[in-house]
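Once you have looked at the hints, place chain B on chain A.
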Amino acid sequence: MRNRLKVLRAERDWSQAQLADAVSVSRQTINAIETGKYDPSLPLALKIGRLFNQPVEAIFFLDDGASPNPTGAHHVG
Amino acid sequence: MNVTSKSERSADYKGYLGFFAWAAFYFAARGLLELDTLGWWTRFAVAIVPVPVFAWVLWNVSKGIAQMDELQRRIQLEALAFAFPLTVLLLMTLGLLELAIGLNPADWSYRHVWPFVFLFYFAGLARAKRRYE
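Going down the list, the protein sequences come from chains A and B. Quick note, the first sequence lines up with residues 1 to 77 if you use my numbering. Quick note, the second sequence lines up with residues 78 to 210 if you use my numbering.
If we strip away everything but chain A, and leave its shape as in the complex, we get:
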């Protein structure tokens, strides 16, 4: 899975430690998520989404070549 976490963090000029404290995890966990070595659990992904005021699917997306959906809106049909 890929994510835009590093971009979102940089937009707010936060360090990894600050982001880690905000979602109650270690800096190691944030680093592992940003480098794609670890996929967060659903509760953690939801916390991150709430922190950045974005839907989870606008931050995390499957590594299948598709672009992220910034609005999180679904299009059926």
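Treat the hints with care, as some may be off.
Below, computed lysine-lysine pairings styled on DSS-like, alpha-carbon distance capped at 27 Å [stated by the list, open to error]:
1) A/K47 to A/K37
2) A/K37 to B/K206
3) B/K206 to A/K47
4) B/K140 to A/K47
5) A/K6 to B/K206
6) B/K206 to B/K140
7) B/K206 to B/K91
8) A/K47 to A/K6
9) B/K91 to B/K140
10) A/K6 to A/K37
Derived by calculation from the structure, the hints in this document are not laboratory data.
Frame of chain A, contents of chain B only:
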């Protein structure tokens, strides 16, 4: 890149300190017992002394695990998943070798085998940590 925080390093430091304190008790007990000059009940008591010390270490470990986040717990799980089968393999192999060729108890008794369990765990821990860094 070192991404552990100051509080995480402090917790690691306390964990290692507890482990080395237990190791000191254990090897002191072993040294006393190898002197072979103590009475039966004294020898029994000396052999049991490291047990409550290790129980204290385990209590601190369980407190530490309760404070870990999801990735840190996954790393611990992967370390144990690496160490446990290797431990089983070692014990099984030693058991068969004991039947097959006979093993000298002075070289392959319980007190010689348990360090391998820690070795396997720390190897698994290093492997798991490297995977996520």
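A quick look at each hint next to the structure:
no.	hint	result
1	A/K47 to A/K37	19 Å, holds
2	A/K37 to B/K206	11 Å, holds
3	B/K206 to A/K47	24 Å, holds
4	B/K140 to A/K47	24 Å, holds
5	A/K6 to B/K206	21 Å, holds
6	B/K206 to B/K140	20 Å, holds
7	B/K206 to B/K91	19 Å, holds
8	A/K47 to A/K6	16 Å, holds
9	B/K91 to B/K140	12 Å, holds
10	A/K6 to A/K37	13 Å, holds
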